[in-house]
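Work from the hints to combine the two standalone chains into their complex.
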Amino acid sequence: MRIIGLARNTFREGVRDRLFLMIGIFAIAILAASFIIGPLSLGEQQRITQDLGLASISVLTFLIAILIGTGIIYKEIERKTIYTVLSKPVSRCKFIIGKFLGLNAIVAVLVVGMAAVFMIVNTVVTRSFQAGLLTAIFLIWMELVLLTALSVFMSTLCSPILGAIFTMLLYVAGHTSADLKELAARFGSVSVKAVAHFGYYVLPNLEYLNVKSKVIHGVPVDGTYVAFACSYALLYTVVFLTLAILVFQRREFR
Amino acid sequence: METALHFDQVSKTFRSSIAGRRLYTLGPVSFEVSRGEIFGYLGPNGAGKTTSIKLAMGLLRPSGGRITCFGQPSASLEARGRMGFLPEHPYFYQHLTAVELLELCGDMHGMDRRRVRFKTDELLRVTGLLEARATRISKFSKGMLQRIGLAQALINDPDIVILDEPLSGLDPVGRRELRDLIRHLKAEGKTIFFSSHILQDVEMICDRVAILSNGHILEVARVADMLSESVSSVEIVIEGLPNARLRNLGLGNVETRANLEVVTLAPRMGVNEAVTRIVASGGRVVAVTPLRQTLEDYFMNRIAGMARPKGGHQVPDEGLQMQAAKGASSEDHRFSKEHI
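Chains as they are written, first to last, in the working numbering: chain Z, 1 to 254; chain Y, 1 to 340.
You may find that some hints are simply not true.
Covered by chain Y, according to a simulated footprint, are these stretches of chain Z (three or more residues, beta-carbon under 8 Å) [unchecked claim]: (1) 2 to 9; (2) 132 to 139.
Over the 12 Å line for every Cβ pair with chain Z, so calculated as not near, a few chain Y residues [unchecked claim]: (3) P28; (4) L60; (5) R80; (6) P87; (7) A132; (8) S141; (9) D180; (10) T289.
30 Å max Cα-Cα, derived DSS-like pairs, lysine-lysine [said to hold, decoys possible]: (11) K80/Z - K139/Y; (12) K80/Z - K186/Y; (13) K193/Z - K181/Z; (14) K139/Y - K75/Z; (15) K181/Z - K214/Z; (16) K142/Y - K80/Z; (17) K94/Z - K75/Z; (18) K94/Z - K80/Z; (19) K142/Y - K186/Y; (20) K75/Z - K142/Y.
Just so you know, these hints were derived from the structure itself, not from any lab.
The beta-carbon is built from N, C-alpha and C at its ideal position, and this holds for glycine as well.
The following block holds chain Y by itself, in its conformation from the complex (with noise of 0.2 Å):
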């Protein structure tokens, strides 16, 4: 499959302006995305998330190694007009109305403007903004902010999209919406490259996803991978058998849940070995549910134990807030069975 965004071997070193000392280091950091993939780019905060992102649209120069955007370099202006970019807090300009703004974007692409002018109706369409259209974007809510700065992403029909935590801001309404775009512009055959700080959103709509800690990144898998792996137990759901007995049986441990039994196996427990012990003891084997760990329990076990350097990242990335960290990563959350 052709590859439509490649890092290879990318660095970037920050040094203080006065004294040279060096303030932060991203890299080396290598990964490739598929054309057509959306793909996830995950880290906690200062991991260099912006960073590489700012360095693929050319913002910032790298200290070493190239990237590339369907071949060519990323910050070439053949690349840029396949790419479109949504930065991280979008900064539009003030002055100008929703269309105003899409017709400048559609001016720098070098489009013309009847082009312009249908890619501005319908991108104030999709993003629900049409009653918007003629109001300045000073007046603008956080969340229209964020849809007026995916449509001027989309505005050249790009190839790739890039977006830096597209999802932060947006009420659930918001967030849903946005992950049914991506999953169209999927559709449309676009590669979504994009990072966030929302895990389950990540875990919806990716396909693959980057682990980035302390500059360098700790893992590229497919999202399906990293759950399969991560399945930390089964649970098997009883009628028929008394607690009492079920704990006779030694499978693990053994709970009422509404009326039924509810065994969560041991670690070594097999589960047809279990399964034949409650059926010849009289049990009636309701449901075996193999219990996974959420992406989010998954991104916290990997870079746990990578401890942040002293001082830490001095680089403003402000893009992960784990909610995890936050202490959002409840049992309901680590035991999710959406992904059975």
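One chain only, chain Z, in its complex shape (with noise of 0.2 Å):
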């Protein structure tokens, strides 16, 4: 009861904030653009809409997620509404699962509209109902749920510009992780190739959750593939999560 009741104020106050409307307008925006863009591509008209398609979601969603998740937990301190919820018997550890929950039913929204959205212009497009690129789209929310768990940790920890530019970081260094291996062996400095290293071994894969391009170019993504993918996103969701939760749990409120 507590959980859900945090979780649905942390979703009205991002529904009711104009900042996600705006991303959400745009969002869709961009999803319709395909629609007249693709016809522009001679021959790749399928490809670029499956391409911009995807895309945007992916982009558009991991952009509210780092708006609203960077800020979620340093605001309400700095706000100090903090001292509201706080006082009533609320542990902080369900604080920190409510406002993650609250944080990913706005994200899912979202990823639920633009998926709609996205079916109904390629379908349109192709003239076929595509349900390859469904499991491209619960990939790249599996890995908003990753990224949202990340940018609640980075809440607890520092202000949102600076909790924002880390998540990009590791969002970029997560994507680039094979790259990360590649440049360890390249280079003989002993920092450089412990911070690759680091990087390779540590942060999450975030290529493990990008199946574009195999679903677009009809590469077929078995089950058994998906359920990894998932228990991998889910396992680092996990470790960032307790890590905000032990790092909330020392926090004092002057």
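See the structure below:
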């Protein structure tokens, strides 16, 4: 009940934020634009529509997750609304989980809304319903779950701007994880190797959750892989949330 | 009587994050608040009132000692379930309406929806916010914020209500309404612990007060005892004797007010002896009035000489803006007859 109440409040706050509305409209507009841009690319209409659509869903929802997520705890402390919440019989652990779930509800609404528009546009363009695209969207959503947990963790540590910078850096590092290993092999410097190895072995490899190219090119993605990718994302989600809770448990509110 | 809130040798030290230098220390502070009483927590800015309250609510962790609420650690979920808290300068979610905020607070207490709705209606009525039930909190005035703050503190029907500067920012009507509400809560058997800088109000409603200065408790006493101890003089109103003859009696300072002679007795002059002399000289005693200091004067005298440490306390506690310190301790305040 307490977690649901907190999640509902976070969701309500996000939905009533004009920023959310603006990005939502912008996202739908971009998806609709692919309907116009697609025909301009000779013979590649289907691929362009799908590329643009999936990239929009991925990037814009990530933007929302970062913009709301990295300030989600910090703002509660800064605006002192935390006094009202923590003076009630709500554990700090439940508070973090409630905020995380609320943020994910916002992201889920956005993903579902964009996915619906995207699938309609794609079905009209290709004249066929390609269910395989839903696998890519589902894994985008899983990636967002992981990234929202990361942004909530950042929010317990630092200001929204710093949190957004770190989250973006980790996002980039996560998508270039394989390059980090290559980097470690090429450089002789011990410190560069250590950083590159840390990046490769500790940070999440977000490319595991990126099947966009495969799906667009008709390469099948089997259920076992999807289950693995989901478990991988959820494992990191639990790790980031646990870290967020541990940091938040120690916080004092002057 | 059962103890509602117990500070037992509670201390708190803040250190700078870089050098580890000690910035501020509270306590050790010890006092008990009994069930069913209205307890005032007084002290100048930086004395440690808000810090103490945050410690009680679990927003800060004590460096030493223990705070219990009805026998349980005050920061525990069980204790917080029995508490209602109004922070200083209440901050609430701006995107919510009054009803939504109270529903959220009810959820956080684990209350069922039916009970939350019932309590919401009741509290909006009691705090005079029924008309504003669907208004967003971002549009609330300061007085309305204080009221919705009180409503959210009472949503769980708490056994103890902790209010940090609840009277600040309210107009005289609002202050009176809040005083009445606090008395009403006491009549319902609730314990009220509050800090305030408006000492007249504290004097009017508190059973006991603690005076805090420089992070230490100077005194915990019943308000009535503080005031009875502080009789500064006695005033005798007389008719039938001219001013000059009264002066010759050597009773004290004599002045004429509204065609009556008023003698303020000298410190060692007994009331019986003075009255006997006046009557023997042909005067008629109209009134004998002991002059008591107000709580504000008592408070100012008590903390006088408690010099602040160099640099002052650096932890923000915007609590006490002493009216007296601003020059509001006028003759009218000093010799108020309200409590005689």
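Hint-by-hint comparison with the structure:
1. 2 to 9: It holds: at least three residues are needed, and the stretch 2 to 9 of chain Z offers 6 whose Cβ sits within less than 8 Å of chain Y.
2. 132 to 139: violated (count 0)
3. P28: holds (19 Å)
4. L60: violated (5 Å)
5. R80: The claim is violated: R80/Y sits with its nearest Cβ about 4 Å from chain Z, within 12 Å.
6. P87: violated (4 Å)
7. A132: holds (18 Å)
8. S141: holds (18 Å)
9. D180: At roughly 24 Å from the nearest Cβ of chain Z, D180/Y sits farther out than 12 Å, so the non-interface label holds.
10. T289: Label holds. Min Cβ-Cβ 46 Å, cutoff 12 Å.
11. K80/Z - K139/Y: holds (18 Å)
12. K80/Z - K186/Y: holds (28 Å)
13. K193/Z - K181/Z: Given that 30 Å is the threshold and the Cα spacing comes to 9 Å, the pair holds.
14. K139/Y - K75/Z: Satisfied, since the Cα-Cα distance of roughly 19 Å is no more than 30 Å.
15. K181/Z - K214/Z: holds (23 Å)
16. K142/Y - K80/Z: OK: K142/Y and K80/Z at ~16 Å, within 30 Å.
17. K94/Z - K75/Z: Within the cut-off at roughly 17 Å; holds.
18. K94/Z - K80/Z: holds (18 Å)
19. K142/Y - K186/Y: holds (25 Å)
20. K75/Z - K142/Y: Between K75/Z and K142/Y the Cα gap is close to 21 Å, so the pair holds against 30 Å.
Hint compliance for this structure: hints 2, 4, 5, 6 are broken, all remaining hints hold.
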